[in-house]
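Q: Here the protein sequences come in this chain order: A and B.
Per the numbering used here, numbering through the first sequence is continuous, rising by one, with the last residue being 416.
Per the numbering used here, numbering through the second sequence is continuous, rising by one, with the last residue being 507.
One should not assume that every hint holds.
[Unchecked claim] Straight-line distance between alpha carbons at most 30 Å, and here's what the computed DSS-like set of lysine-lysine pairs gives: (1) B/LYS456 - B/LYS472; (2) B/LYS506 - B/LYS414; (3) B/LYS456 - B/LYS414; (4) B/LYS456 - B/LYS408; (5) B/LYS506 - B/LYS472; (6) A/LYS345 - B/LYS464; (7) B/LYS456 - A/LYS345; (8) B/LYS421 - A/LYS345; (9) B/LYS506 - A/LYS345; (10) B/LYS408 - A/LYS386; (11) A/LYS386 - A/LYS360; (12) B/LYS472 - A/LYS345; (13) B/LYS472 - B/LYS414; (14) A/LYS360 - B/LYS464; (15) B/LYS421 - A/LYS360; (16) A/LYS360 - A/LYS345; (17) A/LYS345 - B/LYS414; (18) B/LYS408 - A/LYS345; (19) B/LYS408 - A/LYS360.
Don't read these hints as lab results, they were simulated from the structure.
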Amino acid sequence: EPEVTQTPSHQVTQMGQEVILRCVPISNHLYFYWYRQILGQKVEFLVSFYNNEISEKSEIFDDQFSVERPDGSNFTLKIRSTKLEDSAMYFCASTATNTGELFFGEGSRLTVL
Amino acid sequence: AQRVTQPEKLLSVFKGAPVELKCNYSYSGSPELFWYVQYSRQRLQLLLRHISRESIKGFTADLNKGETSFHLKKPFAQEEDSAMYYCALRAAGNKLTFGGGTRVLVKP
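Chain B extracted, bound-state conformation (with noise of 0.2 Å):
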């Protein structure tokens, strides 16, 4: 069975600082990883997919298979960035398994 951990409830940084959002997964086969981000009052929406390996918005994320991470990185935080964010991982299958979520607040 899969299962995806974000150790880090909320995190809170101030603003031009680097934040980083740590998710792990277990899995047996060959994952693909996402994170998803709910900004305040908004609905859930895809953030970035490990395929694409692209820069959304700032935030990049590294799939390391040795270590079964797949953190969410950027340089610097800015206060639009303050949201719930969500490590989700698909396996076999077409389901989302999610993490537990972690809460960014940046502060000014």
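Same shape as in the complex, but just chain A (with noise of 0.2 Å):
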């Protein structure tokens, strides 16, 4: 059965880096998302991509995120100077069509130092 697949499965960096994290949602899938959960608070949405560009974004998903789909295959989230606060399971998602049944990635942890 295909999968959403993320790499790395766990980063850690040190404040100020940069990071990205790589997602390869099913192939058929035409609508991508990153949701990002902190430790002991709820699973919140980030961003939504459809047909090459950003159809929604949530207040977090500020200057210093931005996404990416370099190749038809990969989706990638990149922070641009991580911070603490940044620390978290980031979750990436995707589905055939426009519905409420998302499709998770087992997710990459981010541990900011």
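Hints are included, so try docking the two chains, each in its own frame, into the full complex.
A: What follows is the structure, encoded as structure tokens:
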């Protein structure tokens, strides 16, 4: 069964460093998402992406965040200059149609020191 | 703005007992509601949605617009139901707003 895959599973970085989290959505899916979950808190929406552009973003998704689909298979989240409060589990998700059934990856745990 | 509240962080029940996970939402329009589940060491996955009105793994959930609730129920809990459960709302647009989650522990 096809799955969303995410790399790395865990990344430790120093504050101020750039981080790229990678996702490979399910191949025939058209809608892509990033969510994050700070330890002990809710799963929060960051951004949605469709037809090679951002379709919606949350207040969390400020100028230090960016997303890209560079090659038709990968979907990346870049954090330009990480802060301590960016430490969280980041989930990528995809779906074939514009419904609420999202297919999630296993997550990338980011630790900012 | 939409909001989803799951008042119980932890529900502990014995095998064979009924279990009900509460979910309340606030949204001014007509929402779509979902329950997602995350089993130990597995990814978050859809359990059921209110539109389909079906029972999945013995779970059902009814959307009550008057009470703005979408509680998840199962009459006889099984040990394999132990997991983290998230209620989610889809408003206009395509993002999901999640509740804080309820951890269910089914004891033998």
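Q: Decide, hint by hint, whether the structure agrees.
A: Against the structure, the hints come out as follows:
1. B/LYS456 - B/LYS472: holds (11 Å)
2. B/LYS506 - B/LYS414: Satisfied, since the Cα-Cα distance of roughly 6 Å is no more than 30 Å.
3. B/LYS456 - B/LYS414: holds (15 Å)
4. B/LYS456 - B/LYS408: Within the cut-off at roughly 22 Å; holds.
5. B/LYS506 - B/LYS472: holds (17 Å)
6. A/LYS345 - B/LYS464: This hinted pair holds, its Cα atoms lying about 23 Å apart.
7. B/LYS456 - A/LYS345: holds (25 Å)
8. B/LYS421 - A/LYS345: holds (16 Å)
9. B/LYS506 - A/LYS345: With Cα atoms ~26 Å apart, B/LYS506 and A/LYS345 stay inside 30 Å; holds.
10. B/LYS408 - A/LYS386: With a Cα-Cα distance of about 28 Å, the restraint between B/LYS408 and A/LYS386 holds, given a limit of 30 Å.
11. A/LYS386 - A/LYS360: holds (19 Å)
12. B/LYS472 - A/LYS345: Measuring from Cα to Cα gives roughly 22 Å; hence the hint holds.
13. B/LYS472 - B/LYS414: holds (14 Å)
14. A/LYS360 - B/LYS464: holds (27 Å)
15. B/LYS421 - A/LYS360: holds (28 Å)
16. A/LYS360 - A/LYS345: holds (17 Å)
17. A/LYS345 - B/LYS414: holds (28 Å)
18. B/LYS408 - A/LYS345: The given pair, whose Cα atoms are some 11 Å apart, holds under the 30 Å limit.
19. B/LYS408 - A/LYS360: holds (28 Å)
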